[in-house]
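Asker: Sequence:
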Amino acid sequence: IPIMVNWAQAGHVVYITGTFNQWKQKVRLSKSTTDFTAVIDMPPGMHMLKFIVDDEWKCSEDLPVACEADGNLVNYLQVSDETGEQQQDGLDDLARFGETDWDVPKPVTPPLSHSPLGTYTNEIPAYLSAMHQPQPPSILRGSKQAAAEQAAAAAAAASPPKLPQEPPPHLPPHLEKVILNAPMLDDHDPSTLGVPQHVNLNHLYTCSIRDGVMGVACTTRYREK
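For the sequence shown, the UniProt record's numbering begins at 1 and goes up steadily by one.
Calculated directly from the structure, the hints in this document are not laboratory data. Since the structure is predicted, the reported quantities are computational estimates derived from the model, not experimental observations. Some hints here could point you the wrong way.
Ranges between beta-carbon positions, derived for each pair [stated by the list, open to error]: (1) Pro125 x Ala66: 20 to 26 angstroms; (2) Ala66 x Pro44: 17 to 23 angstroms; (3) Ala8 x Ala69: 50 to 56 angstroms; (4) Leu163 x Pro125: 16 to 22 angstroms; (5) Ala155 x Met214: 52 to 58 angstroms; (6) Ala69 x Ala153: 19 to 25 angstroms; (7) Ala69 x Gln9: 23 to 29 angstroms; (8) Pro64 x Ala154: 57 to 63 angstroms; (9) Leu201 x Ala69: 48 to 54 angstroms; (10) Leu163 x Ala217: 34 to 40 angstroms; (11) Thr220 x Ala153: 57 to 63 angstroms; (12) Glu56 x Met4: 18 to 24 angstroms; (13) Thr34 x Ser80: 49 to 55 angstroms; (14) Ser129 x Gln165: 50 to 56 angstroms.
Just so you know, even glycine gets a beta-carbon here, dropped at the ideal spot from N, CA and C.
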């Protein structure tokens, strides 16, 4: 359907592209004394389009503006397959011709159906009612088995799972393994010392008192150790 589009804002070179050509080509608008115009063949339906004015993407103020799925602002245009005219909001006509709201003719809505009113009814068809009927229990399952399954399900829902009753640990897990008194591979090579964990640094350790003596140690970081 041939549709005339125009650009009435400022600019020197104006192109248009959109969903009518899958955003693959730019159509140049012809310049007149007041605006830029072009006649484009568009299939019926809703179309998104955008203008390229002096190498800059812009939306027309004379067409409705919406946000696409990617978050970009675009103009949209409804093309009718019956009349071949674009169905717009009426703002385009107000901007061009200065018409008031009551001067803009309302589109005539065709009837949805030509069937007589007597053919409609409030009764639900039998095949639809059968879909919402409760299904009877399977006859293949014995009554004892069904009762046992229901009792097991009720017992599982009534009694929550029991948590293991274990005493809490004496130390946090990261303090169970310490590096104090750990055997060294080489007594003369300090590089063989084990690297402590970061959670073990700046901690004070004490050993149990033996023969009236208590050992005390503190962990700290020195360079990479």
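Asker: Next step is simple, just say for each hint if it's right about the structure.
Answerer: Here is what the structure says about each hint:
{"no.": "1", "hint": "Pro125 x Ala66: 20 to 26 angstroms", "in the structure": "violated, 40 angstroms"}
{"no.": "2", "hint": "Ala66 x Pro44: 17 to 23 angstroms", "in the structure": "holds, 19 angstroms"}
{"no.": "3", "hint": "Ala8 x Ala69: 50 to 56 angstroms", "in the structure": "violated, 28 angstroms"}
{"no.": "4", "hint": "Leu163 x Pro125: 16 to 22 angstroms", "in the structure": "violated, 54 angstroms"}
{"no.": "5", "hint": "Ala155 x Met214: 52 to 58 angstroms", "in the structure": "holds, 56 angstroms"}
{"no.": "6", "hint": "Ala69 x Ala153: 19 to 25 angstroms", "in the structure": "violated, 45 angstroms"}
{"no.": "7", "hint": "Ala69 x Gln9: 23 to 29 angstroms", "in the structure": "holds, 26 angstroms"}
{"no.": "8", "hint": "Pro64 x Ala154: 57 to 63 angstroms", "in the structure": "holds, 59 angstroms"}
{"no.": "9", "hint": "Leu201 x Ala69: 48 to 54 angstroms", "in the structure": "holds, 52 angstroms"}
{"no.": "10", "hint": "Leu163 x Ala217: 34 to 40 angstroms", "in the structure": "holds, 37 angstroms"}
{"no.": "11", "hint": "Thr220 x Ala153: 57 to 63 angstroms", "in the structure": "holds, 59 angstroms"}
{"no.": "12", "hint": "Glu56 x Met4: 18 to 24 angstroms", "in the structure": "holds, 23 angstroms"}
{"no.": "13", "hint": "Thr34 x Ser80: 49 to 55 angstroms", "in the structure": "violated, 27 angstroms"}
{"no.": "14", "hint": "Ser129 x Gln165: 50 to 56 angstroms", "in the structure": "holds, 55 angstroms"}
In this structure, the earlier hints numbered 1, 3, 4, 6 and 13 are contradicted, and the remaining ones agree with it.
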